[in-house]
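K.L.:
The chain contents come next:
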Amino acid sequence: DAGVIQSPRHEVTEMGQEVTLRCKPISGHNSLFWYRQTMMRGLELLIYFNNNVPIDDSGMPEDRFSAKMPNASFSTLKIQPSEPRDSAVYFCASSLSLGTGELFFGEGSRLTVL
Amino acid sequence: DAKTTQPPSMDCAEGRAANLPCNHSTISGNEYVYWYRQIHSQGPQYIIHGLKNNETNEMASLIITEDRKSSTLILPHATLRDTAVYYCIVRVALRGNEKLTFGTGTRLTIIP
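Residue numbers (the numbering used here), protein chains in the order written: chain V, 1 to 114; chain S, 1 to 112.
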């Protein structure tokens, strides 16, 4: 059974460019989470969805960040315009439902903004 | 959610049991203990969770003290693939309380 699939695995871009990260959750999972990991701040929850609806985006750092989930099998995290401080590993995770605490994480997208 | 304290690093010989401690002295009655691990360059992996009873699954065992102020994750026969950072997380298992606070964890190194 396929796990959470993220793309791209690595992205190098220049400051000011738009970045789109993609995620396919595990089939049948109703909740999807976006996390960011940096050395300085560790793992941070950015936003999560339930049944394709954004529930809490209070962790999104600023308006340059946006996330969508147009259907149950696809989500995107977009940064526009990107800045060097956005360099991090971005993880997508899914779970059967909210409240379980049992998240299945993808392998992450490592973003470097020059 | 209650704060947790873990040793920054531990070593364990391959084939032996790895016992990872976690202190959560301010845990509330409705807070669960969760364990995740993160192998280098991978996403975190859920291991196990419990409220007050000891729990066991195919990956590990979780021992929670009677007063619930501390717990131990046990990997019964550690292999080199168990080398990872292990996170102990305490949270109320409530719909809407979705944030998992990953601290700095314990870096476990399995020695051949």
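In short, the hints are calculated from the structure, not lab data.
Computed from a predicted model, the values in this text were never measured in an experiment.
The reader is advised that the hints may include incorrect statements.
Derived BS3-like pairs: lysine-lysine, alpha-carbon spacing no greater than 27 Å straight-line [to be verified]:
id, chain 1, residue 1, chain 2, residue 2
1, V, Lys-78, S, Lys-99
2, V, Lys-68, S, Lys-99
3, S, Lys-52, S, Lys-99
4, S, Lys-99, V, Lys-24
K.L.:
Now tell me, hint by hint, if it's right for this structure.
P.N.:
Structure-based check of each hint:
The straight-line distance between the Cα atoms of Lys-78 of chain V and Lys-99 of chain S is roughly 21 Å, inside the 27 Å bound, and the hint therefore holds. With a C-alpha separation of about 19 Å, the suggested pairing of Lys-68 of chain V with Lys-99 of chain S holds against the 27 Å cut-off. The suggested pairing of Lys-52 of chain S with Lys-99 of chain S holds, with an alpha-carbon distance near 21 Å, which does not exceed 27 Å. Of the supplied pair hints, the one linking Lys-99 of chain S and Lys-24 of chain V holds, its CA atoms being roughly 20 Å apart against a limit of 27 Å.
In summary, the structure agrees with every hint in the numbered list given earlier.
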